Every structure is written in structure tokens, then in C-alpha cells.
Amino acid sequence: MNKTKTLKFDTNWSYSPAPESIDYIELKDRYGLFIDGNFTSSKGGNYFDTINPANEEKLSEVSEANEKDVDKAVQAARQAYEKVWSKMKPSERGKYIFRIARIIQEQAREFAVIESLDGGKPIRESRDIDIPLAAAHFFYYAGWADKLDYAFPGRSTKSLGVAGQIIPWNFPLLMAAWKIAPALAAGNTVVLKPAETTPLTALKLAEVIREADVPPGVVNIITGGGETGKMLVKHPDVNKVAFTGSTEVGKFIMKTLAGSGKRYTLELGGKAANIIFEDAAINQAVEGIVDAIFFNQGHVCCAGSRLYVQESVAKEVISKLKDRMNTLVIGDPLDKNTDIGAINSRMQLEKICKYVDIGKKEGGSIYQPSCTLPEKGFWYVPTLFADVSQSHRIVQEEIFGPVLAIQTFRTVDEVISKANNTPYGLSGGVWTDKGSKLFKVTKEIRAGVIWANTFNKFDPGSPFGGYKESGIGREGGVEGLHSYVELV
Amino acid sequence: MSKRLGIRKTYKLYINGKFPRTESGRYYKWTDEKKTAIMNMCRGSRKDFRNAVVAARKAFEGWSSRTAYNRGQILYRIGEMLEGHRDQFIGELILQGLTKRAAEKEITQTIDRFIYYAGWADKYQQVFSRVNPVSMPYFNFTVPEATGVVAVCAPEESSLLGFVSVLVPVIAGGNTCVILASQSRPLCSISCAEILHSSDVPAGVVNILTGLRTELLEHFSSHMDVNSMIYCGENLQEIKMVEENAALNVKRAVIYKNEAWSKKTSQGPYYILETQEMKTTWHPVGV
Amino acid sequence: MNYHPQIHPIDQVGVGERASRLFSRSIKKESKIRALKLALSMIDLTTLEGKDSLGKVRQLCYKASHLHDQFSNLPQVAAVCMYPNMVEVAKKALKSSSIKIAAVATAFPSGMATLEAKLNEVKSVVDAGVDEVDMVMSRGRFLQGDYSYVFDEVAKVKNTCGKAHLKVILETGELITLDNVRKASDLAMEAGADFIKTSTGKVKPAATPSVVLVMLEAIRDFYKRTGKIVGMKPAGGISTAKLAIQYLVMVRETLGQEWLTPDRFRFGASSLANDILMQIVKQSTGIYQSINYFSID
Numbered sequence: 070m071n072k073t074k075t076l077k078f079d080t081n082w083s084y085s086p087a088p089e090s091i092d093y094i095e096l097k098d099r100y101g102l103f104i105d106g107n108f109t110s111s112k113g114g115n116y117f118d119t120i121n122p123a124n125e126e127k128l129s130e131v132s133e134a135n136e137k138d139v140d141k142a143v144q145a146a147r148q149a150y151e152k153v154w155s156k157m158k159p160s161e162r163g164k165y166i167f168r169i170a171r172i173i174q175e176q177a178r179e180f181a182v183i184e185s186l187d188g189g190k191p192i193r194e195s196r197d198i199d200i201p202l203a204a205a206h207f208f209y210y211a212g213w214a215d216k217l218d219y220a221f222p223g224r225s226t227k228s229l230g231v232a233g234q235i236i237p238w239n240f241p242l243l244m245a246a247w248k249i250a251p252a253l254a255a256g257n258t259v260v261l262k263p264a265e266t267t268p269l270t271a272l273k274l275a276e277v278i279r280e281a282d283v284p285p286g287v288v289n290i291i292t293g294g295g296e297t298g299k300m301l302v303k304h305p306d307v308n309k310v311a312f313t314g315s316t317e318v319g320k321f322i323m324k325t326l327a328g329s330g331k332r333y334t335l336e337l338g339g340k341a342a343n344i345i346f347e348d349a350a351i352n353q354a355v356e357g358i359v360d361a362i363f364f365n366q367g368h369v370c371c372a373g374s375r376l377y378v379q380e381s382v383a384k385e386v387i388s389k390l391k392d393r394m395n396t397l398v399i400g401d402p403l404d405k406n407t408d409i410g411a412i413n414s415r416m417q418l419e420k421i422c423k424y425v426d427i428g429k430k431e432g433g434s435i436y437q438p439s440c441t442l443p444e445k446g447f448w449y450v451p452t453l454f455a456d457v458s459q460s461h462r463i464v465q466e467e468i469f470g471p472v473l474a475i476q477t478f479r480t481v482d483e484v485i486s487k488a489n490n491t492p493y494g495l496s497g498g499v500w501t502d503k504g505s506k507l508f509k510v511t512k513e514i515r516a517g518v519i520w521a522n523t524f525n526k527f528d529p530g531s532p533f534g535g536y537k538e539s540g541i542g543r544e545g546g547v548e549g550l551h552s553y554v555e556l557v
Numbered sequence: 544m545s546k547r548l549g550i551r552k553t554y555k556l557y558i559n560g561k562f563p564r565t566e567s568g569r570y571y572k573w574t575d576e577k578k579t580a581i582m583n584m585c586r587g588s589r590k591d592f593r594n595a596v597v598a599a600r601k602a603f604e605g606w607s608s609r610t611a612y613n614r615g616q617i618l619y620r621i622g623e624m625l626e627g628h629r630d631q632f633i634g635e636l637i638l639q640g641l642t643k644r645a646a647e648k649e650i651t652q653t654i655d656r657f658i659y660y661a662g663w664a665d666k667y668q669q670v671f672s673r674v675n676p677v678s679m680p681y682f683n684f685t686v687p688e689a690t691g692v693v694a695v696c697a698p699e700e701s702s703l704l705g706f707v708s709v710l711v712p713v714i715a716g717g718n719t720c721v722i723l724a725s726q727s728r729p730l731c732s733i734s735c736a737e738i739l740h741s742s743d744v745p746a747g748v749v750n751i752l753t754g755l756r757t758e759l760l761e762h763f764s765s766h767m768d769v770n771s772m773i774y775c776g777e778n779l780q781e782i783k784m785v786e787e788n789a790a791l792n793v794k795r796a797v798i799y800k801n802e803a804w805s806k807k808t809s810q811g812p813y814y815i816l817e818t819q820e821m822k823t824t825w826h827p828v829g830v
Numbered sequence: 136m137n138y139h140p141q142i143h144p145i146d147q148v149g150v151g152e153r154a155s156r157l158f159s160r161s162i163k164k165e166s167k168i169r170a171l172k173l174a175l176s177m178i179d180l181t182t183l184e185g186k187d188s189l190g191k192v193r194q195l196c197y198k199a200s201h202l203h204d205q206f207s208n209l210p211q212v213a214a215v216c217m218y219p220n221m222v223e224v225a226k227k228a229l230k231s232s233s234i235k236i237a238a239v240a241t242a243f244p245s246g247m248a249t250l251e252a253k254l255n256e257v258k259s260v261v262d263a264g265v266d267e268v269d270m271v272m273s274r275g276r277f278l279q280g281d282y283s284y285v286f287d288e289v290a291k292v293k294n295t296c297g298k299a300h301l302k303v304i305l306e307t308g309e310l311i312t313l314d315n316v317r318k319a320s321d322l323a324m325e326a327g328a329d330f331i332k333t334s335t336g337k338v339k340p341a342a343t344p345s346v347v348l349v350m351l352e353a354i355r356d357f358y359k360r361t362g363k364i365v366g367m368k369p370a371g372g373i374s375t376a377k378l379a380i381q382y383l384v385m386v387r388e389t390l391g392q393e394w395l396t397p398d399r400f401r402f403g404a405s406s407l408a409n410d411i412l413m414q415i416v417k418q419s420t421g422i423y424q425s426i427n428y429f430s431i432d
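Protein chains in written order, with this note's numbering: chain A, 70 to 557; chain B, 544 to 830; chain C, 136 to 432.
There's no promise every hint is true.
Using 25 Å as the maximum straight-line C-alpha spacing, the simulated SDA-like pairs for lysine to any residue come out as follows [claimed, not checked]:
1) A/Lys158 to A/Arg147
2) C/Lys163 to A/Asn81
3) C/Lys363 to A/Ser388
Hints in this document: simulated from the structure, not taken from any laboratory. The structure presented is a predicted model; accordingly, all values stated were derived computationally and were not measured.
Please model the complete structure; the sequences and the hints are all you need to start from.
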């Protein structure tokens, strides 16, 4: 073998800026709460800023819902449930949801731009993944509204009532769609609280819901922080709580709801194993590793943050991965060529920095491609740690950033036991060209979503959700409906 | 005319395919209404529970990877064995306060319930699995898998039919379990262990404890290696505690409140689904 | 010699996704002008028709050295490419130019001839003074698993080429699977190819994004393993500037800067040059162009 030949990606042909235009985007200076079909100001009168994490500039300010606002929203949802939505012909209910899907498609580019402005994710992802999937989700569940009798053999369904829904900042509109669409299709009404740092597309969705003539109160969207979320969870007139976010908060919600008789579904954290066998299609596997951990800056609960490479190909895989990391374009989320956008918030950036420090102190071999980051805003370079083990904290704990921990393995049994050696069980990846091995490994990984020879694929018809501490219940597909009905 | 002195039965625990006494050495007195029989029931301890969870965890891989057909046959076998022990269970049920007629009805229903779920063992997967039509060149399918180790607090009132109705869907679905028998009517629950033991149920798949609910419930619901907790009962404080403790490791808490286990509606594949996880797998379709 | 191909599994869906992601890069302004000029300099201006005549080849050669004289600072194309019997007239026409002359050989496009006939043909074009030889791989032999035969054939042609560069046409449209494309790429490189090339242009599909990506990755892996540099030439159906730029993006992000030169990357094309010229003029004037203002030789 010759010495390793290096490729030079620091090229003299660099891509000129190709920003998505934003001149047609109209953001209001201030947003109220969407309750009972209208935007109203908070009873408490408090507002908080939402900023662009790529430049730390204020985009707008939104209301902070207090206890009275939450109560008002839940009451509006209750009224709408009792008087309108639960009584409506299911086929009519479906038509409203179809309308929402269509309007999102029509305004897709605007949604994408706002998503990238408010959350920092690359426009390529918001344009090609988040927004189309959000529309598809509404479209998928719209069709279920009048077909619920076919979903659960031998049983019929009953709606639950008012659903209180709390969503995270990593896929703001998409998570809103995951929550609202099945709830409405099953005949429930909702109060949704978007994340504190990314409220804008949810508020734009509120405008869409109004444009679709959805009856007032069927969907209520209230903004605020953790306290607002807590009030929603605790509200006695909420029948069902749906939460996506950290395991820590998920456990808090479980405790809070204990004994209340309220139903709940939780999509929580993850620390997915992505396993590369020596007989895999290595070049595609390398691409899969990139999709697994650097998609959405690694702000993905199902991110493949633990990479296991069979020892015989480890050198090749890691060398190719480093080459590939050198071609990632990091910067302005609105640039169409950006692969890695801004970290969502200062808080998240600090968390990532903390874990990378821990990784260094623990003695992992760190690699980061050389690149210049913008001066303002929150950024983090794609990072990998080699030479780590199960005992390293960066292998055990969810970082929620573009940081990959790499271990090598020797046998199938070894890697399966290491993959399962975690309190989480949301997702996993397996790369091999051998069918029988693939079925064995995908069966034995204890996780709710397994990507075999691919990673981070999503579809409204495909159930998503975790084993163990990664959550309870599924979203997407028929399973997603199950979370919003009582079987009778 | 000399009357033969009867042989009393020592009721023990059932852990890992063995019948140990409780490690605590403690017992609680059980007696029937007429005080004709007095038993020293094992007062199972948290350490007994711990040992049972270890056994259940160890048995999980083997049991969950058995073929569904095999699990179905074993459940059917239990039904067969039970059929041969009708009189024993009728006797115990009568001791526990049932009329002869009611006891006969209960054992019949119990046997039938095993047979019913024996038939489900290789079918619920077909009812609940799906191939999902995703908008990409991928084959995408969802199948149910066993949740893992399930801790069960069996119904206090219905100590045979209720006990079995909660237990069978758990093991039919490939889980292993630790089940706490009714404290006030423990006899036929623990006798079930003898039936399971002689029906090819592998060691550790079902572990049965007797003891005090108030003492054990906390440990059942808090153990970090238990994936799901089924609670049967109406005590709101207990329910709250179970659900609170479930948060420790995001256990799936299943509450059966006011279930009428003798009704036909109290059986079905949806009971199996309660301790299943849905797994979705993606794979590209290409050449 | 006995040649046993190494197996490098390829996942078709994964390759397609990567290729379309590369193709979705948005190349604007300065970077676009650079790319257009670079692409122009990488063209093997090609005519490979049964109806080719001496006059047609002379016209092609003139075009090659006078792309669009109304516009200054244009690079010239890399080479002209033609049938063996046209080499002499091309030599004359390009006497005072640095544009390279390439000839197809080895019973182009089918490759259905004896090894002896093929080597004679190669020898004749080399003797006639070509700079580059574009040979066709024997697909039938490849598909029947006769890898050693195919390997020897390429090696012997390479040997016969002398100083002339050898491009091996895989004719990927007949290999069908990406696994075969990878296997054929490895074989050709091991046997001594200076360039690997997708297609003759006579079989559809010709160059596709997935095929080109797999070949570029094969070149990269070969380089990493042996240190030897092999060039790449997609050919057939590349007729727009946009597509050419997309391929340059693919090269840049797969092989890096050092392959972004006509020595290592070529486009086999006939009508691509004019589309690039129109784009270059449009970029500098801001006005969309018409083919009527560009010569179509």
C-alpha cells in the first residue's frame, strides 16, 4: 500500500453566494396568540423576541402566553370540539385538512424562507424536506378523517377531545404538522405551543388555518416558553398531551400527568447507532454517515450520533468521511449551497461546546475541517471524535449537534450489544450488502425506526417513535392515528 | 374408621423456572372465609422481585425470538394442562370464596382464554404489521415487537381468569414478565406456575410472586430494567404512584381499571398490542 | 494475466440521491463564468457519424480553433475527436494549433472485431500522429465474465498506444448496473487506462449522473490506493452548459481541485460548446442569446 494520497478541496473554484431572495417575505413586527380563530394579545401583555440565529438580529416579537391565555385557548378548543368539530361529518373534516395541505404547498417557498430565518437551518433542507413533508403530512391524514373505521380491525374509534401539543425547535413546521394533522383527522381539537426560539412558521400556519376557513377554536396556537408549556400540560380540561423534545422534559410530563387519566405520547431523545459493516457499499455509507449526523446541524433526535465501523474498513471509511466533511458548505442558511446552517440558539451552541470539551478531555481524537465561520450568529463546525468507547460521555449522552463519536467493532454480536447499550431506542442505521445479515441486525436493534442502507428518511405514512427512553407512541402512518383515538 | 390426614400444600414463589421460598423468610397468613384452611403465603420481597427481573431479562431474548408458531403451541399446551387440572383449580377457587358453579365457569373461561390467545400468537403480527407506501424508492414496513420485561400487578378480585387474561397477551407477544398475584386470593395464581412449569414455558418467561401489594408496587413500577408496567386495580393513589415511577425510565404504564375479565370484550389482539413496540424499517429498492 | 475484479458493492438509490444533491448546487455569478470557461476548455469536440466527410471534419477543426471570434478571452476546446480515417485531414487543419487530436479505435462503437484487427487499427492512428486514442471495451466479453480477456485487451491497446493517451470507453448503457460500471472502471484503470469514458454516444442511456459519480469514485479510490491519476470523460447527451457545470460540481466535490483541468476531465460532446458560448455571452451582457448568432459547425 502506498502512503495515503490526499485530495484537495480547498479549490480555486469556489461557489459564489447564491442566497434565496427574501424581499417578498413579510413578517409582522409583533405576533399575538392565535386563539379561537383570531390573533389576540396576551393577557399578561408580555412579549419576547425571536431572532435569526445566523446574525442574532431580531426578526419579530411574539406573545408570551400566561395561565389565563392557556385557559382561554383550551376553552376555545373545548367549545370547538363540543359544538363543531366532533359533530362535523368526517368527510368535511378531512376537506379542511386537505385545504391546509394545499395552502402550505402554494406558499411553500415563503414557509421555507421563514423557517430558515427563524431556525437557522439551510434553505435546501427547509425547501426540499421540512415544508414539502409538512404539506404531505396534512394531505396524508386528511384522507384518514372519514376512513377511521378501517384503521383498527374489529374496533371503532372515538376522538379524545382537546389535545395539548408541545413541539421542539428543530423542525418547527414539520413537527406542528405531525401533531396537528392526525389530531384533527381523528376529530380532536388542539392547542399547540411551538418552541420558544422558532415560533414564526407555526404562526404563519395559524394564518393558513384561518385562510382555510377552519372553524375558530379547532386549532389554537399559543407561544411561550417552558412555563407556558407546563400550564398547558397541567390544564385540567386537556384530554391528551403530545410532546416532542428532551427525555428530561418528557419524564417531567409523565410525572405531572401521573394519575390524571390524561393520555399522552412522547417523542424524546436519542443516541442512535449507525453501523457500517465491511461488506457495505462504502461510498454510499459515507454519504449516509453525513446525512445521519450533519443533517439539520445534528439537531435531530434520531441523528446517527454513534458510528460503529467494522475494523477492517475503519481506516477507509474515516478517511473518506474526512474528505467529505471538507466539502460541506457551512454558513448563511439562506444560501442555496449551504449544507450546514446556524446552530439554533446560543444555549444550544453552549451545550455543544461543552460536550466537545468533554470529548477532548476524555481523550478522543477530534477532527474538524478547516473553514471560516461567520462572525455573528451561532455556528459550529462539523466534528468527529475517533478512538472513543462506550464509556465516553459523548457516546452516552445526546449532544443534539454536529458531533459524531466513532467506534470500531469486530463481530456482529459485539456491535449489536453495543448499539443496544443505551437508555435510548429511537433509531438506528445498518449498512451491509448482505440481506440475511441485514435482517438479523435490523431485527435485533431495539429502536423504533431502522434505516437500512440509508438514514434520516421520513414520510407521513411511515410511523416514527422510540423504544425505551426515546418515548412512547408513534407519529405517522396508522400508528400515528392510534395516538389520537380511543378504541371502542 | 380412621380418616386419612390430608397433605397440605406449601405455596411458594415461581422465579426462573424454580419454586423458591422468599429470600426474606417472611410470610403472610391466608385463610378462607370459613377458616377451614390456613396457609402461610410467601411474602415476596423486593429482592425476590429483583431476582425475578434478572430472570425475565435473561429469558427475553430467547422467548422473543422463538417462532410465533412455537409460542402459540406452548400457550395451547398450557390450556391442555389446565384442562387436566380443572378439579384442583375448582377446589382453590371455592376456597377463595366462589360457588362451585362459578368456579367451574371460571376455570372453563380461563382454559378457553389460553386457547384463544394461542391462536393469536402468530396472527396479531399480521393484523398490526403494515407496508407503508412512502414517496421514495424505499421498501418501508412496520412490525410489532415485544416491549421487553413487563411487571404486572394482577387483578385483586379475579385471581384466575383475571390473572391469566393479563398474563397471556404479554407472553403471547414475546415479552417476559414478573407478575404479582392477588394478595387476597393468591392460591390459583401461584398454582398456575405449576401448570406453566409443565407446559414447556422456558424458565424466566413468567415469574410469579405472592406478597403485599403495598410493599412491592413501588419496586415493580420503579425498576429501571422493566420496560412496561401493567397495573390492574382502582386505587387512585396506587395508579398515581405507578405512573410517576414509570417516568424514571419512560416505562409504558398500562392501567386496567374496572375491567370485567369474564366478558368476551376483555380479550383480543389489542391487549397484546399494549406491550408491543412498533418498529419501522426502511430499505432502498434498486439494482 | 488472470484478472479477478474486486467487489465494491454500489447502492443505486444512494448514488442517485448523492448525484441529485450535487446537481442541486446553485452556481451563480463569478463562479458560473469560471465554470463555463473551464467547461469549454474541457470539450472534446466530436463528430462520429457514418456520414462524416473530409469537409465536415475540416469545418469542425476550424470551429475548434475559432469558437466565437467576436468574443475575446475565450479558451479553446481540449481536443477534436473523430473516426480513424479522418485523422489525416484533422492533422492538417490543426497543424498550427495546440488542440489535441483524438481518434476512436478498436472497432468503434461495437468493439466487435478480433484483437489483432483492433491493435492494427490502434497502431494506424498512432502512426498517423494522434494524441489520444478512445477505445471501446469489449462489453460482451465483460458481461460473460471474461475479465481477463478484457483486461489483456486494454493492456495491449495501451501498450500499442505508445505516447498517445488511452481513453477506455466502458459503454455503460450496455453494462446496465452500477456494480458493473464500478467493476469495469476498476478493470480499465488496472489495465492502464489514462482516462475512463462513459459512452460511445451510440447507446442510450449515455452518461448519467449516477454513472459518472460511480466512475469518479472509482477514480478516487484507485488514486488513494495506488497514487495513480486517471482522468474522466463523460460523453453522450451532455448538450447544455447547465449540465456541464453540474458535472464540474460533481468532480470538484468528489475528486477535488486537481481534477478540474482538461488534462484530467473532458466532455465528449458536439453541441455543448455553443450552449456554453451563449451562456458566457449572456453572463457578460445580461441578455439571453439565440443560436443564430453562433456558428453551428
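Hint by hint, which ones does the structure fall short of? Those not satisfied: there are none.
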